[in-house]
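Modelling step: build the complete structure from the supplied sequences, incorporating the hints.
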Amino acid sequence: MDNKKTKLQKHPKLDEAIAEIKRGSNEIIGLEKIEELVNKFLHTGERFTIKAGFDPTAPDLHLGHTVLLQKLKTFQKYGAKVQFLIGDFTAQIGDPTGKSATRKMLTPEEVKQNAKTYEAQVFKILDKDLTDVVFNSTWLNKLGATGIVELTTTYTVARMLERDDFEKRFKSQTPIAISEFIYPLLQGYDSVALKSDIEIGGTDQKFNLLMGRHLQKVYNIGKEQSVIMMPLLVGLDGVNKMSKSLGNYIGITEDANTIFAKVMSISDELMWDWYELLSDKSIEEIKELKEQVKNGLNPKVVKEMLAIEIVDRFHGKDTGEKAKEHFDKVHKQNQIPDDIEEFEIEPQNIVDALVTTKLANSKSEARRHIKGGAVRINQEKISSQDINLEKDKEYILQIGKRKFAKVRVK
Numbered sequence: 126m127d128n129k130k131t132k133l134q135k136h137p138k139l140d141e142a143i144a145e146i147k148r149g150s151n152e153i154i155g156l157e158k159i160e161e162l163v164n165k166f167l168h169t170g171e172r173f174t175i176k177a178g179f180d181p182t183a184p185d186l187h188l189g190h191t192v193l194l195q196k197l198k199t200f201q202k203y204g205a206k207v208q209f210l211i212g213d214f215t216a217q218i219g220d221p222t223g224k225s226a227t228r229k230m231l232t233p234e235e236v237k238q239n240a241k242t243y244e245a246q247v248f249k250i251l252d253k254d255l256t257d258v259v260f261n262s263t264w265l266n267k268l269g270a271t272g273i274v275e276l277t278t279t280y281t282v283a284r285m286l287e288r289d290d291f292e293k294r295f296k297s298q299t300p301i302a303i304s305e306f307i308y309p310l311l312q313g314y315d316s317v318a319l320k321s322d323i324e325i326g327g328t329d330q331k332f333n334l335l336m337g338r339h340l341q342k343v344y345n346i347g348k349e350q351s352v353i354m355m356p357l358l359v360g361l362d363g364v365n366k367m368s369k370s371l372g373n374y375i376g377i378t379e380d381a382n383t384i385f386a387k388v389m390s391i392s393d394e395l396m397w398d399w400y401e402l403l404s405d406k407s408i409e410e411i412k413e414l415k416e417q418v419k420n421g422l423n424p425k426v427v428k429e430m431l432a433i434e435i436v437d438r439f440h441g442k443d444t445g446e447k448a449k450e451h452f453d454k455v456h457k458q459n460q461i462p463d464d465i466e467e468f469e470i471e472p473q474n475i476v477d478a479l480v481t482t483k484l485a486n487s488k489s490e491a492r493r494h495i496k497g498g499a500v501r502i503n504q505e506k507i508s509s510q511d512i513n514l515e516k517d518k519e520y521i522l523q524i525g526k527r528k529f530a531k532v533r534v535k
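For the sequence shown, our numbering puts the final residue at 535, and the numbers step up evenly by one.
Mixed in with the good hints there might be a few duds.
What the hints assert, rightly or not - With a Cα cut of at most 35 Å, we get these calculated DSBU-like pairs of lysine-lysine: (1) Lys366 <-> Lys237; (2) Lys447 <-> Lys147; (3) Lys369 <-> Lys293; (4) Lys132 <-> Lys293; (5) Lys296 <-> Lys249; (6) Lys442 <-> Lys483; (7) Lys526 <-> Lys406; (8) Lys412 <-> Lys366; (9) Lys147 <-> Lys412; (10) Lys419 <-> Lys449; (11) Lys406 <-> Lys428; (12) Lys419 <-> Lys249; (13) Lys198 <-> Lys158; (14) Lys138 <-> Lys412; (15) Lys531 <-> Lys483; (16) Lys147 <-> Lys428; (17) Lys447 <-> Lys342; (18) Lys138 <-> Lys342; (19) Lys528 <-> Lys249; (20) Lys535 <-> Lys488; (21) Lys419 <-> Lys516; (22) Lys253 <-> Lys406; (23) Lys428 <-> Lys249; (24) Lys442 <-> Lys237; (25) Lys488 <-> Lys442; (26) Lys531 <-> Lys518; (27) Lys531 <-> Lys516; (28) Lys428 <-> Lys506; (29) Lys488 <-> Lys528; (30) Lys419 <-> Lys528.
What the hints assert, rightly or not - Cβ-Cβ distance ranges computed for the label pairs, FRET-style: (31) Ile408 <-> Arg533: 31 to 41 Å; (32) Leu286 <-> Lys138: 43 to 53 Å; (33) Ser407 <-> Lys369: 28 to 38 Å; (34) Lys442 <-> Lys506: 30 to 40 Å; (35) Ser509 <-> Lys202: 49 to 59 Å; (36) Leu286 <-> Leu371: 23 to 33 Å; (37) Lys158 <-> Lys138: 16 to 26 Å; (38) Thr263 <-> Asn365: 32 to 42 Å.
Calculated directly from the structure, the hints in this document are not laboratory data. Virtual Cβ for every residue (Gly too), placed ideally from N, Cα, C.
Printed below as a string of structure tokens:
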């Protein structure tokens, strides 16, 4: 009897599947293995595993995080069981990638609370039945001192200092904690514990992702994971990667009207990158939209389609259309929306009122908005900071096109 494995013929749908998997990716290591796994699934239905790690260092996810989730969703379609790894152990150290200083360690309580919100948010995109949510404290706690010391023998300090961020800090004599050297080893060990077939991450994670391949080989688990690196989503400013600290982000828990308006604020050029990385539309459908724009279709119409799709994803079917109606009412017809927040305040200066109603974060910000002509009272643009809101009167305060507050002065 011949015990040799019979190589499966190429499935007719393999090229289409691989094109979707490669879509938007920056770099793929081990593509041949991915093709083999997908081809086997298409023929036999046998699934494989793909891992993505998220350290719950902040309570909410933004659209930048969903680039990976969208790719994981594609993989689920073509045979993957997702290992959604919440780095509750590693988050207490903090990923040193791209950092110019040692990060503050989070408490176990902070990590636990943030992890809860992640679990609730990811299934707006991923298929729950094809996702295992795992916590790396499960195996890293068991490693103990002996296991950690053994892990540190698998890599040298010299190799670790080849990392760009570590090298810069070393040369500038900026402190590097030993725990930061251990972080990529722990992330790599996750792939050993989970026996992952594939791992996905951002381009900034290349060192950590390759560590998984290295350690799977060292620990002789019988496989060497393929690696997919996705680009970092450019934020609303059109320049920097999406980040809460830069304020150029869209949080996936933000209200429907805010998400819609923020998507509409991006440039036409950036819109196509977002389509490639965030949309469920196929490569062919996006190509067709580009062709239509080239032949005269207003890009704004295409951007509205993207905004509706994203709002529906996080708030449910038809919420995108309602958000569009709200957007059109406020922005096209310059009308005041129906659902603005109401405040009852003491008589005060307009600068103070903008802060009280949370339209501005500080008095200096309020003054900048007034000076820039972005502030309206009852739809009339103002230029003076000396206006006082009078007792027993009602006002509609507005900053820009999206921020409104209704005020009744006591």
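| message | Please verify whether Lys428 and Lys506 have alpha carbons no more than 35 Å apart. | response | Given pair Lys428, Lys506 holds - Cα atoms ~29 Å apart, limit 35 Å.
| Lys535 and Lys488: Cα distance at most 35 Å? | holds (22 Å)
| said: Given the hinted pair Lys147 and Lys412, is their Cα-Cα distance within 35 Å? | reply: holds (16 Å)
| Should the hint that Lys158 and Lys138 are 16 to 26 Å apart at their CB atoms be regarded as holding? | holds (18 Å)
| task | Measure nothing beyond the straight line between the CA atoms of Lys253 and Lys406; if it is 35 Å or shorter, mark the hint as holding. | result | holds (21 Å)
| Distance restraint hint 43 to 53 Å, applied to the beta-carbon atoms of Leu286 and Lys138 | With a Cβ separation near 45 Å, Leu286 and Lys138 satisfy 43 to 53 Å, so the hint holds.
| Holds or violated: Lys488 to Lys528, with C-alpha atoms at most 35 Å apart | Holds: Lys488 and Lys528 sit about 16 Å apart, inside 35 Å.
| Between Ser407 and Lys369, is the Cβ distance one that fits in 28 to 38 Å? | Between Ser407 and Lys369, where Cβ atoms are some 31 Å apart, the hint holds.
| request: Assess, step by step, whether the Cα of Lys419 is no farther than 35 Å from the Cα of Lys249, and give holds or violated. | output: holds (33 Å)
| said: Does Lys366 sit within 35 Å of Lys412, going by the straight-line distance between their CA atoms? | reply: holds (25 Å)
| said: Hint check: Lys406 vs Lys428, CA-CA at most 35 Å. Holds or violated? | reply: holds (13 Å)
| Does the alpha-carbon distance linking Lys526 and Lys406 stay inside the 35 Å limit? | holds (30 Å)
Of the numbered hints given earlier, the model fails hints 4, 5, 17, 21, 25, 31; all others are met.
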